[in-house]
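Asker: Here's the letter readout for the chains.
Protein chains: 4
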Amino acid sequence: MSYEIKGLKEECGVFGVWGHEAAARLTYFGLHSLQHRGQEGAGIVSNDAGSLHLYRNHGLLSQVFKDESTLDTLPGKAAIGHVRYATAGNHSLNNIQPFLFELSDAQIALAHNGNLTNATTLRKELEAQGTILHSNSDSEILMHLIQKSTQSDFLSKIKEALNTVKGAFAYLIMTNDCLYAALDPNGFRPLSIGRMSNGAYVVASETCALEVSGATFVCDVKPGQLVKIDDNGLTIDHFTEDTQYAICSMEFIYFARPDSNIAGINVHSARKKMGKILAQEAKKVEADMVIGVPNSSLSAASGYAEASGIPYEMGLVKNQYIARTFIQPTQELREQGVRMKLSAVRGVVEGKSVILVDDSIVRGTTSKRIVRLLKEAGAKEVHLRITSPPLKYPCFYGIDIQDSKELIAASHSVEEIRELVEADSLEFLSEDGLIKAIGLNLDAPYGGLCMAYFNGDYPTKLFDYQSVLEKRQK
Amino acid sequence: MSYEIKGLKEECGVFGVWGHEAAARLTYFGLHSLQHRGQEGAGIVSNDAGSLHLYRNHGLLSQVFKDESTLDTLPGKAAIGHVRYATAGNHSLNNIQPFLFELSDAQIALAHNGNLTNATTLRKELEAQGTILHSNSDSEILMHLIQKSTQSDFLSKIKEALNTVKGAFAYLIMTNDCLYAALDPNGFRPLSIGRMSNGAYVVASETCALEVSGATFVCDVKPGQLVKIDDNGLTIDHFTEDTQYAICSMEFIYFARPDSNIAGINVHSARKKMGKILAQEAKKVEADMVIGVPNSSLSAASGYAEASGIPYEMGLVKNQYIARTFIQPTQELREQGVRMKLSAVRGVVEGKSVILVDDSIVRGTTSKRIVRLLKEAGAKEVHLRITSPPLKYPCFYGIDIQDSKELIAASHSVEEIRELVEADSLEFLSEDGLIKAIGLNLDAPYGGLCMAYFNGDYPTKLFDYQSVLEKRQK
Amino acid sequence: MSYEIKGLKEECGVFGVWGHEAAARLTYFGLHSLQHRGQEGAGIVSNDAGSLHLYRNHGLLSQVFKDESTLDTLPGKAAIGHVRYATAGNHSLNNIQPFLFELSDAQIALAHNGNLTNATTLRKELEAQGTILHSNSDSEILMHLIQKSTQSDFLSKIKEALNTVKGAFAYLIMTNDCLYAALDPNGFRPLSIGRMSNGAYVVASETCALEVSGATFVCDVKPGQLVKIDDNGLTIDHFTEDTQYAICSMEFIYFARPDSNIAGINVHSARKKMGKILAQEAKKVEADMVIGVPNSSLSAASGYAEASGIPYEMGLVKNQYIARTFIQPTQELREQGVRMKLSAVRGVVEGKSVILVDDSIVRGTTSKRIVRLLKEAGAKEVHLRITSPPLKYPCFYGIDIQDSKELIAASHSVEEIRELVEADSLEFLSEDGLIKAIGLNLDAPYGGLCMAYFNGDYPTKLFDYQSVLEKRQK
Amino acid sequence: MSYEIKGLKEECGVFGVWGHEAAARLTYFGLHSLQHRGQEGAGIVSNDAGSLHLYRNHGLLSQVFKDESTLDTLPGKAAIGHVRYATAGNHSLNNIQPFLFELSDAQIALAHNGNLTNATTLRKELEAQGTILHSNSDSEILMHLIQKSTQSDFLSKIKEALNTVKGAFAYLIMTNDCLYAALDPNGFRPLSIGRMSNGAYVVASETCALEVSGATFVCDVKPGQLVKIDDNGLTIDHFTEDTQYAICSMEFIYFARPDSNIAGINVHSARKKMGKILAQEAKKVEADMVIGVPNSSLSAASGYAEASGIPYEMGLVKNQYIARTFIQPTQELREQGVRMKLSAVRGVVEGKSVILVDDSIVRGTTSKRIVRLLKEAGAKEVHLRITSPPLKYPCFYGIDIQDSKELIAASHSVEEIRELVEADSLEFLSEDGLIKAIGLNLDAPYGGLCMAYFNGDYPTKLFDYQSVLEKRQK
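Protein chains in written order, with UniProt numbering: chain P, 1 to 474; chain C, 1 to 474; chain Z, 1 to 474; chain L, 1 to 474.
Isolated chain P, as found in the complex (with noise of 0.2 Å):
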């Protein structure tokens, strides 16, 4: 569902493209596809023959490049773009990606998906150095990382920089005759790689926007990779050995868009037999229908109705326009203002007994809400089914919860769960379930999937979140 109203925000998207004559539009229309990645800050930094222009601002996309004089800023045939997901308090400009470094006989820009769990460890060792940082994002600091290498050439010093930073990353750099992708040794976040019928090579955080600019799909690229290319084409290298796939799970649960495909397997799909396979699971009640919360939950609540044979219904509409929900003085305002984004359809839910597909719980007052809304409107019972376990711990790998206070399940069992979201029954997929719609079977742990939301079993060392996670545990 909307992830405003979720509280739930995945850090960013990326795209890139080498070697076409309108690279600034294409990333463009590919960035408008990965705009639920990030909606509070977007930049597009472009090549032209060797020259490399930047443009970013504050917004949704649609903000930022709301002047086609804007894109014409951006000539040249390759490009690098970022929509960005920005953290509270920090609305700078420099925080906005691409950034782009000037030095004096070059220029490189950078673009990063991700969150790394040696950041803050990695800064202080900079700053001790003499170094200045631009932005308080980590994303930069790859960047010096890079320039304060001193290996002798600059695809070993880019090797020798991704070696040092650890987490979840997915990277796009461009130089002033290069493009590099590189994702981190488990793959937390997808990264694919495509090429359009003029020969020319595009990346992005998601297939669907290799889709909207007409690519074809090559490959994805693969944890420890580094992929370069450049007039010459497509080479596929690696920077590290030590991998293992571990596939945020959570981005088949809500994050990623239907249309997309990971690791091979198509979102929709896996949504859906996440849907039937809940069904199967949960204890069966005397419904009149099967209703999704719109949009995440369609494609799960689809596939639970056909399992179930219970009629898949439009009980809750979402306002396809976006709107300023303004701080509201009353109570009774604030209500109305959630009823702006999402609302219920007494026409249909009046008398009747409904099962409610949601994707996930977080902190349960969304859920609450939207049971209320249905109940309102008449619904008899709500029973709520949600198509993954229950969220326990918090991540480091670039999901914006890194404090399990803000997790109802890691303190509620399901029982508490269901009586605080007012629902007339609560049911959560099984961690195998969940494995299973998904369907991955890569060779790791889980099929491949982290699943240390669920778990805690973190496929990697923590570094500056041990200690964030050893306190949460006592």
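No lab work stands behind these hints: they were computed from the structure. Certain hints may be false.
No distinction is drawn between identical chains; accordingly, a pair holds when it is met within one copy or between any pair of copies.
[Said to hold, decoys possible] Using 25 Å as the maximum straight-line C-alpha spacing, the simulated DMTMM-like pairs for lysine to aspartate or glutamate come out as follows:
{"hint": "1", "residue 1": "Lys436", "residue 2": "Asp67"}
{"hint": "2", "residue 1": "Lys461", "residue 2": "Glu40"}
{"hint": "3", "residue 1": "Lys66", "residue 2": "Glu40"}
{"hint": "4", "residue 1": "Lys380", "residue 2": "Asp105"}
{"hint": "5", "residue 1": "Lys392", "residue 2": "Glu381"}
{"hint": "6", "residue 1": "Lys284", "residue 2": "Asp424"}
{"hint": "7", "residue 1": "Lys283", "residue 2": "Glu306"}
{"hint": "8", "residue 1": "Lys471", "residue 2": "Asp72"}
Starting from the known structure of chain P, arrange chains C, Z and L on it as the hints suggest.
Answerer: What follows is chains C, Z and L alone, placed relative to chain P:
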């Protein structure tokens, strides 16, 4: 589906409230839920203890009221608002509603949804009497008729004026101490009244706006009625008894939000039923899945799937973010621009035979584009199913196609259309199927629906448009 | 000096051109030179081969036309423009001129400088006939009178309307094929005609705008004249012969730009002469320097210095950049806000006895502030010399002080004012001295000047304002 | 005169305050009075109890801080601000000052007026050590030198860095608990300290900003000094004793505001004296009046008039409103564009012989344009008098002409220039006359002035610019 793509646009949505402390904010919420009825301009007039204040501007509601401080300039316990679709080339701010007329001893605000059929004639008559209209909009004519009326009291003046204008109209009129709502004798456009828990009354183009504002449905404004709301409550009066229902069938087919009820019929349920009946009427085909064109055809597609027993899948994804598709220099970029808004899900449709459900075909260009999107994404067969009869006749009651040249079905057979849109088969819902699916059953032709779009049976005299129609028929 | 500080504001400047390829740009240039006549709104209507186009907005010309593309939306070989000072609380865009009236078969644009004295009466009469005005501005009344006129041809309609409105007016009216300029029977406001080398005609509120646009002065529009300019050239006609000059003396004293000529008299030279005559009339004092309040009193100060033999120095500096002085929370900050605009030159005035020349005293607050600025900067003595007689009576002809309570000289003696403004001495120019300095010598009272501000001798009947005046006199 | 017209631009003005509740507002006031020193960007960093906040943007101060709410985002009792003139093509926000550097354990803000002569060398050295600069501006180099310094305490780090940079600099540096001000060893640019009645200290590029902020002048920052201001008050220290005054003479001639004092000399008085001495040095001509080019030459013109006994008149009027002169398509429109800014007063100069006083001739194009304006307005003769010696050598200390090709006097004789600018006679002030008029009398060459512009005698080694100069001399 998205109106920009479709090319059919309705003129406007209206919302009014009387008796609530935060009237302008409520109107903002209400208009937001009516945003699908007009995206090119919006405005609110508030009534602060008899003093009227206006703010209006071009663009979406979120752009017009992007600063909360703008709402704060609209104090008072009553307000009316309007969202507008502007006809090309008429970008003056003066044309954005509500209109606020300043007289020496009174202020009067006016908002209009619909289209008059004798506006040109009335405008000329008024000018001959020395009147200078303030805008290019026909909507303001009513106000001049009121002001010119020789009736003794304001209510009689309004009634006289309402009997002078012809065609489709849902008016909100706010004076310093009163709010009026009036509906044309055929009730072409919906207009409903709700009541809030504090006693405030709300009037809106669709019941979804009542829900959003937290009001309970009271009644629809009926054809020929003139409703008055002031501090003494609600008074239902009428300006004519010569009425006959002819509710625009397009409201059910795709204009209205699925969570709205029109004349007691839920729009989602009607659409689902259109899908079901169409599945029964249409020739059976072997297909792997049913997909709907988002968002307006999803209800119908799920109905089609249920009735046919073929699985319902998400084969098309609409980008939930609105982006500007600048005029693109090449055909390739234009096609990518289309995919920015709507994309086919390769992982779902590749190698499959697909039943594609859409609500209507206007020019055919959109259908062709969607069929192509699906085939480019690997769909083996695309069987197009339309949940309305072929559109053959222009509308003069508020839908912006007044020239049947733009309607492909006015000059092409079903088979010719199928060939043009490159579908493997094509079926339309029958007129009877449509009437049955909606199920109005009012004591009027076609159960109370206007079917002129499909069969040319206009429920009123056409006045200024008679010649337009006659020209066409030659 | 700066009008915001002074508190006296005149309503508007007008500019028109007929017959030049770049009519809107010329109008932009011309209006810029008239910007001192109105800073709160500006607009241009262009005439492109009979089709009229309007752009207008709040703010300075540089804000209204900050994008060159806006000027490009105003094509054509003729244009009229307006700069406006808006009365408080009336910030509707509708009040910004030129007005553009859209009739079914014609477009008419109107721009007005001045103030009608019978507007309230006329507005009520029009409304009683069913007319709804478009704005709060009295300026549009003329257009409705034209439209209502029963005269047979347009020229006769205009003449009838011009004889119905009373007070001060300089009108520009542009139709699809013609530009009219009209001046009230007393010629309160200046209006001059120029001719460009290509034959184009220019009409402007001040001759400085003729110079800026590269036109050569042809003649002033005279009281009661109605001038017509079209592709056949210039035709001078009149709507009344009952005229008598009463040119606003304030135009000479401080409204007009020093490089303008009014009725053949250069404004800078007139001001310098006011300074000279005041130096002769005033009691001699031992002083080290003469300083003028920038910018409007610099001419007079240099005249005073020349006549008195005392050196002319720059003891006050006006910041050439316009800044917003936000409402400041403390008295200290408010004083600094004043100094942002005008500051005393300590290095010049410290320890010195200063003759301070200013053009007028309205409320006295500005004079007091400037005297204080100088004393805080170390001036030993400040002898204030005003190059106009005391302002005692309200103006109803376009200067925005209609209440004599705001005029300190209406209720205080010169000695009382001196004490209030904390000057060491204070002298005003005599009425005869003013008339002599300007030197109009027209065949009318006061040589053709309106002196009502100083002596209450209004040159016309006051109509709506008679009661205002009478109340005051009680 | 207006700097845009002239083509000479100085880089920047700085303002700082420590110890005042409304520090950002005071800085806004102060910067406004320094706006003439830079119109292309502005910023403020405030210090709220140790926490630094930045806002900066392109444009005039009134545009950058057009919303009062922006000032409200800058709380605290200390602040530094900067107004900037940006060199062409370098429109990144990153180049607008103050710079705010974010370290893990500290924030440091920096503002710079001047130009370093060894910046290119230093930049390359820093990059070789792995440093990535944040901007194209040389101003940030100091900060990296501080950060890289191996000195043990911050004060020693700053001193070391200040001894590493060469050329012209007035720096303000604000840390979390302290404000530093430093001036280069030659004192090229002015920098003065004031004290407010509440004990707050103010530092500013010109004393006019002290006056505006209500501070009393305390002392100038002297060459080689490093001043520290914190809650304990003012401490005057120095980073070098190897100093020698070489104050930029152009500050007196036209950069500084006439109400500022530089090294105790009032700028208006110095200019008036330049005019007087020039009147004595120049060949006498029969002329009707002396006129100055507004605004910078009015003081000199009044001095010339006094010394020559010829009346001082206002023969040129500068429009007090700033307008954009868009690129105009025709020569005629371009000329009108010039007149928008400056116009000749026909009523004053027609038929007259005029002495025109201006402060300098750079390319000669402006002088030619003004002479033409006067002649087109009817002036019989125009005798041009320049209150500075011919400009023959480039400046490397902060004035934006580094190529003597742009200086007409570098390659033309006085008679050749006279002919080019179409004046009837032309005289320049002598070097000795200029030194005498300013009257600094410091114990240094030329009484403490930098006269390199006129005679090539640069007071420092030129480092990176040595080759630039040598190329020129071939």
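Asker: Could you run down the list of hints and mark each one as holding or not?
Answerer: Against the structure, the hints:
1. Lys436 / Asp67: So Lys436 and Asp67 fail the 25 Å test inside a copy (46 Å) and across (48 Å) alike.
2. Lys461 / Glu40: For Lys461 and Glu40, the Cα distance exceeds 25 Å both inside one copy (30 Å) and across copies (49 Å).
3. Lys66 / Glu40: both (15 Å within a copy, 16 Å between copies)
4. Lys380 / Asp105: neither (70 Å within a copy, 53 Å between copies)
5. Lys392 / Glu381: Answer is neither; intra-copy 27 Å and inter-copy 45 Å both fail.
6. Lys284 / Asp424: within (13 Å within a copy, 41 Å between copies)
7. Lys283 / Glu306: both (16 Å within a copy, 24 Å between copies)
8. Lys471 / Asp72: Cα proximity of Lys471 and Asp72: none, with 51 Å in one copy and 37 Å across.
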